[in-house]
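K.L.:
One letter stands for each residue in the lines below.
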Amino acid sequence: MQERELIPHLFRTEYSKIIAVLCHSFDLRHLEIAEDIASETFLKATEIWGIKGVPENPAAWLYTVAKNKVRDYFKHHAVIERQVREAMKLNDIGTALDFEFSHQNIADSQLAMIFSVCHPENSADAQICLALQILCGFSVEEIANAFLTSPETIKKRLHRARVNLRNGNFQIKALSDQEVKARSESVLKTLYLLFNEGYFSKTSDQSIRKDLCFEAIRLALVLTENVLTDSPRVNALLALMYFQSSRFDARTNDRGEMILLEDQDKSLWDQELIERGNHYLVNAYEGREVSKYHLEAAIAYWHTTPTGENKWQHILQLYNQLLLIEYSPVTALNRAFAYAKVFGWEKGIEEAEKLALDDNSHYYSLLGYLYAGVDVGRAVSFYEKAIALTRSKVEAETLRKEVRRLIYK
Amino acid sequence: MKDFLFIYRADYSTYPSPKRSPEEMQALTQKWMNWVAGIAAQEKLVDRGNRLVNSGKVLKSNGSVSDGPYTEIKESIMGYSLVKAISLEEASKLAQGCPILSYDGSVEVREINAI
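Sequence lines, in order, name chains A and B.
Per my numbering, the first sequence starts with residue 39, numbered consecutively.
Per my numbering, the second sequence starts with residue 1484, numbered consecutively.
Any given hint could be a false lead.
Said to hold, decoys possible - Quick list of in silico lysine-lysine cross-link-like pairs, DSS-like style, CA-CA up to 27 Å:
{"#": "1", "chain 1": "A", "residue 1": "Lys392", "chain 2": "B", "residue 2": "Lys1567"}
{"#": "2", "chain 1": "A", "residue 1": "Lys385", "chain 2": "A", "residue 2": "Lys431"}
{"#": "3", "chain 1": "A", "residue 1": "Lys105", "chain 2": "A", "residue 2": "Lys248"}
{"#": "4", "chain 1": "A", "residue 1": "Lys90", "chain 2": "A", "residue 2": "Lys105"}
{"#": "5", "chain 1": "A", "residue 1": "Lys349", "chain 2": "B", "residue 2": "Lys1514"}
{"#": "6", "chain 1": "A", "residue 1": "Lys392", "chain 2": "B", "residue 2": "Lys1527"}
{"#": "7", "chain 1": "A", "residue 1": "Lys194", "chain 2": "A", "residue 2": "Lys105"}
{"#": "8", "chain 1": "A", "residue 1": "Lys379", "chain 2": "A", "residue 2": "Lys423"}
{"#": "9", "chain 1": "B", "residue 1": "Lys1514", "chain 2": "A", "residue 2": "Lys385"}
{"#": "10", "chain 1": "A", "residue 1": "Lys385", "chain 2": "B", "residue 2": "Lys1527"}
{"#": "11", "chain 1": "A", "residue 1": "Lys392", "chain 2": "B", "residue 2": "Lys1576"}
{"#": "12", "chain 1": "A", "residue 1": "Lys423", "chain 2": "B", "residue 2": "Lys1514"}
{"#": "13", "chain 1": "B", "residue 1": "Lys1567", "chain 2": "A", "residue 2": "Lys385"}
Treat the hints as calculated values from the structure; they're not laboratory data.
Extracted from the complex, chain B is given alone in its bound form (with noise of 0.2 Å):
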């Protein structure tokens, strides 16, 4: 089994932001739960990773620090995951269905390089 790194993006001007309804975020939340509860019981869930807040500054060799991330691209990093798998096949696999690609978002997965 061999660890991978799943990068969820998205475009914040079109993903659901905390204005919308309780019940509407609740929703989303099981949506995301239900998911990844799934990869967990396959146990294959190694961390639950985190969600970003979506500001943030980024520096240049140039010397500019400027707000981002999401000034320049569309899509941002909005969180990631860890999961295990035994090829980047089944890693992609475990990460389909996940909330982000129904909100015209991507998953990258990654495989970690194990030293």
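Chain A on its own, in the form it takes in the complex (with noise of 0.2 Å):
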């Protein structure tokens, strides 16, 4: 039984990790004979470990097997075997098979593979199930299922998106100084919607959000592992993904309905990804640096902490400035909460108002909870508005719920 279970597991982590050192040593264009390989040595894993048990270092077996693979694979392929050569201008194919499964090389290799999927040409949407497949190792029916979408849509996103990775000329072998700057507010815009993705899922299933979010970590923190990467901005990522990630248990009930971060029982607050937030957001802070992550983690931060005199005066600050920065209709509502909660229901109503999101579902739900303490012939009204908007069966019903209570209060 045990053994069932960390295949699976092994999977996820151990695929992406072969890929972007396969693909590090021979070509992006050769990404199909990586997944080949890959798969073809989970395969041989399930069928001799379902017999012979898991082997005492699963990882070192499955990089064994993947590198013989790939030696029998060049033997079998004189054709390929000779594009290869070329395509790489090797003389000596042996200096490509060449490689290790070391930590370092691992390592270097996922970076590098981070940078090639967060191709720009590619939409956001793209390089998230480019990311989800190549970089987390999903099956197709698993980013459907996160995207609440059809696996034949997913496909086709992801054809697209691989016809770019393979013909954009991006250098997996070294990554330079120049190509990090150029493209790191792509990545690290690609990650944030990955962790949002989950984080905000339109699924309900708990378990493939929580999936999303620690990816989305989990990549992350492979960028903080190298000094050309390690920027005040990721660790500013990292801060706000951890944060958000110490609610997950708090946020919603048993039948997966939202709970106001107010209404949330605090004790469910995981309180060692608190630290681990609180950790990154100093590294981040060492810099002169302020982005937009630095202002969405102090925001994050601010909401671990308990209510005290301050706390919505600097997290209406904060909100300022990140619009300032960006504006975006999630960004303007919340501020408006914030502007309520310093200033009071009725001037933070103003303030809403003034938004006039009108076909925005939360911009309703925003203006029916202001107005529940000061007339609920309005809320209620409201409220009903964000139920016709919002297409998540979930709000719906939170916002049914709330109804109910201001008409039978």
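Join the two chains into one complex using the hints; note that each chain is given alone, in its own frame.
P.N.:
Listed below in structure tokens is the structure:
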């Protein structure tokens, strides 16, 4: 039983490592070969471990098998061997085969792979799908599940993205200063979106949501392990992700309905993750830079603290700064909430109504919330507008409950 | 949407100067931030603009160069921002609540003449 659970977990973490190292050693154009080899390696593991039991060091076992499969592959595919040789302008294929699954090589390869996948020519959605498949070892079905869409849609999206990946002449071999600088922003954005995809996912499947979030954290950690990519921004992003994750178990009830931050059972907040968040937040502020990740992390930090005199004043100022860096409807709505917390519901309502986000369900649920203590009739009608607009069943159910509570109070 | 310039004017002798306590200055900064971010929250801020240093020179056609500009007129330009709005009326509405108004100052709202 234990063995059956071990393999899928191992698949996911080791799959991406094997792919990364193989692509790093050969070329991105041979991504499919790398994937075939990784899959065959796991197939062999499933067959042999099922009979003989799991070896003492499963990862090392997998690496050895993968390496042997690479050798076999090149022996039996002379044509492709020649192509690879030409593509790499190498006289001796042996050089290409001379790679190690060392800790350092895995780390470097994964880093290079992250930078390859976050190709600015691909849409953000495509980058996330690609990241999930290649960097995180998710199946098409799992990705479709997370996006609440059909596997066919995901397949199409992945196909286009992979064509771009192959054609883009991104040098996966050595990551240069320039490339890192040029692509860092896009890499961080993809990791940020990957995390949000999990945290605010359309799917109600908690385990998939958590997986997405922790994969985003794992990849961000890879970035902090290399001096080239260990920037204040990555640290800020990590702090943000840890703070958010700390509230994972507290933010929904057993029916999957969202619980407002204020009403959450704080004893369910994961202190260890908060500590890690604090650690990376301190790192993030070592430079002088203040990015949107810094501000979001700082807001998330304040949410982990007990309500004090100036808490909401701080949060409001951070949202102000965030809006001045980059407008988003979510930020505008959150800022209006903070505004209401500082200046009272009535001023908050005034501020919120100015936003006029007439097609946004969250706009109406915020107004409903703010009006609840002022004018129940209006609060209910705003909540009903939000229910009509939302595409999330869970959110609609949470709002309906709130309406019932207001009416029968 | 058209662009509009906000020109902030106030009397330097009555507007809070940096001689105030850090606490007071911070409160004033927060007021400005709350107001400007309120415009940004409506996706109508084009450019936060700048504050101007309170000393300068004024050159005139008769060749005179004087220290200024505040020696002759009571209200000086203190800064500017750029916003976008559908009409002058909407732009003026955005200007409401500007902190400078609570210090006897004014906001002039002018449409940018896009060629």
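K.L.:
Indicate, hint by hint, whether the structure satisfies it.
P.N.:
Evaluated hints:
Distance check on the hinted pair: A/Lys392 and B/Lys1567 sit about 15 Å apart at the alpha-carbon level, within 27 Å; holds. For the hint linking A/Lys385 to A/Lys431, the alpha-carbon distance of about 31 Å lies beyond 27 Å, and the restraint is violated. Restraint check: the Cα-Cα separation between A/Lys105 and A/Lys248 comes to about 32 Å, which exceeds 27 Å; the hinted pair is violated. Between A/Lys90 and A/Lys105 the CA atoms are separated by roughly 21 Å; this keeps the pair inside 27 Å, and the hint holds.
With a C-alpha separation of about 17 Å, the suggested pairing of A/Lys349 with B/Lys1514 holds against the 27 Å cut-off. Between A/Lys392 and B/Lys1527, the direct Cα distance comes to roughly 11 Å. Compliance with the 27 Å bound is thereby established for this hinted pair. At roughly 31 Å between alpha-carbon atoms, A/Lys194 and A/Lys105 are farther apart than 27 Å, so this suggested pair is violated. The suggested pairing of A/Lys379 with A/Lys423 holds, with an alpha-carbon distance near 23 Å, which does not exceed 27 Å.
For a cut-off of 27 Å, the pair hint linking B/Lys1514 to A/Lys385 stands: about 14 Å separates their Cα positions. For the hint linking A/Lys385 to B/Lys1527, the alpha-carbon distance of about 20 Å falls within 27 Å, and the restraint holds. Between A/Lys392 and B/Lys1576, the direct Cα distance comes to roughly 11 Å. Compliance with the 27 Å bound is thereby established for this hinted pair. A hinted pair counts as satisfied when its Cα atoms are at most 27 Å apart, and A/Lys423 with B/Lys1514 does not qualify at roughly 33 Å.
This hinted pair checks out: B/Lys1567 and A/Lys385 have alpha carbons roughly 23 Å apart, not beyond 27 Å.
Figure legend: structure checked against the earlier numbered hints; hints not met, in rising order: 2, 3, 7 and 12.
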